[in-house]
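A.B. asks: The chain contents come next:
There are 2 protein chains.
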Amino acid sequence: MKLYGMSDSGNCYKPRLLLAKLGRTFEHVEVSSHVGATRSAEYVAKNPNAMVPLLELDDGRLLAESNAMLLYFGEGTRFVPADGYQRALAYQWLFFEQYSHEPYIAVRRALLTFPSRAKDATPERLAQTFERGEKALGVMEKRLAASPFFAGEAISVADLALYAYTHVAGEGGFDLARYPAVGAWLRRVEKDPGHVPMDWLP
Amino acid sequence: MKLYGMSDSGNCYKPRLLLAKLGRTFEHVEVSSHVGATRSAEYVAKNPNAMVPLLELDDGRLLAESNAMLLYFGEGTRFVPADGYQRALAYQWLFFEQYSHEPYIAVRRALLTFPSRAKDATPERLAQTFERGEKALGVMEKRLAASPFFAGEAISVADLALYAYTHVAGEGGFDLARYPAVGAWLRRVEKDPGHVPMDWLP
Numbered sequence: 001m002k003l004y005g006m007s008d009s010g011n012c013y014k015p016r017l018l019l020a021k022l023g024r025t026f027e028h029v030e031v032s033s034h035v036g037a038t039r040s041a042e043y044v045a046k047n048p049n050a051m052v053p054l055l056e057l058d059d060g061r062l063l064a065e066s067n068a069m070l071l072y073f074g075e076g077t078r079f080v081p082a083d084g085y086q087r088a089l090a091y092q093w094l095f096f097e098q099y100s101h102e103p104y105i106a107v108r109r110a111l112l113t114f115p116s117r118a119k120d121a122t123p124e125r126l127a128q129t130f131e132r133g134e135k136a137l138g139v140m141e142k143r144l145a146a147s148p149f150f151a152g153e154a155i156s157v158a159d160l161a162l163y164a165y166t167h168v169a170g171e172g173g174f175d176l177a178r179y180p181a182v183g184a185w186l187r188r189v190e191k192d193p194g195h196v197p198m199d200w201l202p
Numbered sequence: 001m002k003l004y005g006m007s008d009s010g011n012c013y014k015p016r017l018l019l020a021k022l023g024r025t026f027e028h029v030e031v032s033s034h035v036g037a038t039r040s041a042e043y044v045a046k047n048p049n050a051m052v053p054l055l056e057l058d059d060g061r062l063l064a065e066s067n068a069m070l071l072y073f074g075e076g077t078r079f080v081p082a083d084g085y086q087r088a089l090a091y092q093w094l095f096f097e098q099y100s101h102e103p104y105i106a107v108r109r110a111l112l113t114f115p116s117r118a119k120d121a122t123p124e125r126l127a128q129t130f131e132r133g134e135k136a137l138g139v140m141e142k143r144l145a146a147s148p149f150f151a152g153e154a155i156s157v158a159d160l161a162l163y164a165y166t167h168v169a170g171e172g173g174f175d176l177a178r179y180p181a182v183g184a185w186l187r188r189v190e191k192d193p194g195h196v197p198m199d200w201l202p
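First to last, the sequence lines map onto chains R and Y.
Residues 1 to 202 (the working numbering) make up the first sequence, in order.
Residues 1 to 202 (the working numbering) make up the second sequence, in order.
If you're looking for bench data, these hints aren't it; they were derived computationally from the structure.
There's no promise every hint is true.
Since copy identity is lost for identical chains, a pair holds within one copy or between any two.
With a straight-line cut-off of 25 angstroms between C-alpha atoms, the simulated DSS-like cross-links for lysine-lysine are [claimed, not checked]: (1) Lys142 / Lys46; (2) Lys119 / Lys2; (3) Lys46 / Lys135; (4) Lys2 / Lys142.
This is chain R alone, in the form it adopts within the complex (with noise of 0.2 angstroms):
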């Protein structure tokens, strides 16, 4: 199978880091909104969306959206938890993770680091995914401080997700020095078998 995706981004991480702990081979393919190759007509017809991850199985078969991977993929592995109460709160960290915390802690980073998303960071909009970046990560800290993982006591999906942008907040200026069970998470998560680094490719 193949997965269209960017070596720089978070979300494209997401799926890489399951396939790798899980030992499944698959095909990388750059595809970077940095260059335009997401909006190339090839692209789109592929995902209406424009956007990367995108996993075609070897049958031809589409899916996009990360957190979805992460679910396709960990099902029926010890990623995705058995309990129906712990699995919804896997499901609720996954949303959580696109709704209130991607949207400003990894645009954050994105407008300071991607040359091309330079025009985009005023100081309106660094303001703003500054203060909702913030509360995002004093969510976590709160559930971090009372719980190992964010699903409960073993590692899920919703911790692979949350990692993939907070590991990296501090280049969209947040300091998880201010946060320590966030910190301590993030270490956590690492220790655990089969990790591999954001820039990891097959």
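Since the structure of chain R is already known, use the hints to place chain Y on it.
C.D. replies: Structure of chain Y alone, referenced to chain R:
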């Protein structure tokens, strides 16, 4: 169990709609962001992310995020596909709804119709939410021209999630007449047994 939420919020409508269709009983507790109730100390102690809806089970366990509730209640019913790939497509569209649809289609409706949000309705914000909301409707139109429901041949939680704000997109200034496949799909969702309107409360 208790469902904390707003009677005029599409996100809060989602679990109400599914619970009504499943014939499950629950208590609605009105918590309105219009009057600051989602930011009260008592509420934030239950949901640190200060958003509705929030589910409180009879044993006190809590669950946030509307789409997580859809998956939690939908598991094992006709609203979550049994096939792994179709289930993954349902996940894909649930994440699309929260990342690429709700922040524009729901938010533009809020900016235009909720007095508490009028101060945020700047020309720039209205233009941005219009452009991205139209993009989301275009992505939906393409999918629904090829498939009766988002995850395939049968209705799923993805359709309930996307119905919630799409059916009131006109209140946000979107012209649904330009999206005939979306319009036909709205009617199919409404014809599915047990449908209740957004202002339905138990």
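A.B. asks: Give a verdict on every hint.
C.D. replies: Outcome of the hint check:
For the homomeric pair Lys142 and Lys46, the shortest alpha-carbon distance between copies (12 angstroms) is at most 25 angstroms, but the shortest distance inside one copy (40 angstroms) is not. In this assembly of identical chains, Lys119 and Lys2 lie within 25 angstroms of each other by CA distance neither inside one copy nor across copies; the values are 32 angstroms within and 46 angstroms between. For the homomeric pair Lys46 and Lys135, the shortest alpha-carbon distance between copies (16 angstroms) is at most 25 angstroms, but the shortest distance inside one copy (35 angstroms) is not. In this assembly of identical chains, the alpha carbons of Lys2 and Lys142 lie at most 25 angstroms apart only when taken from different copies (23 angstroms versus 38 angstroms within one copy).
Of the numbered hints stated above, the single one contradicted by the structure is hint 2.
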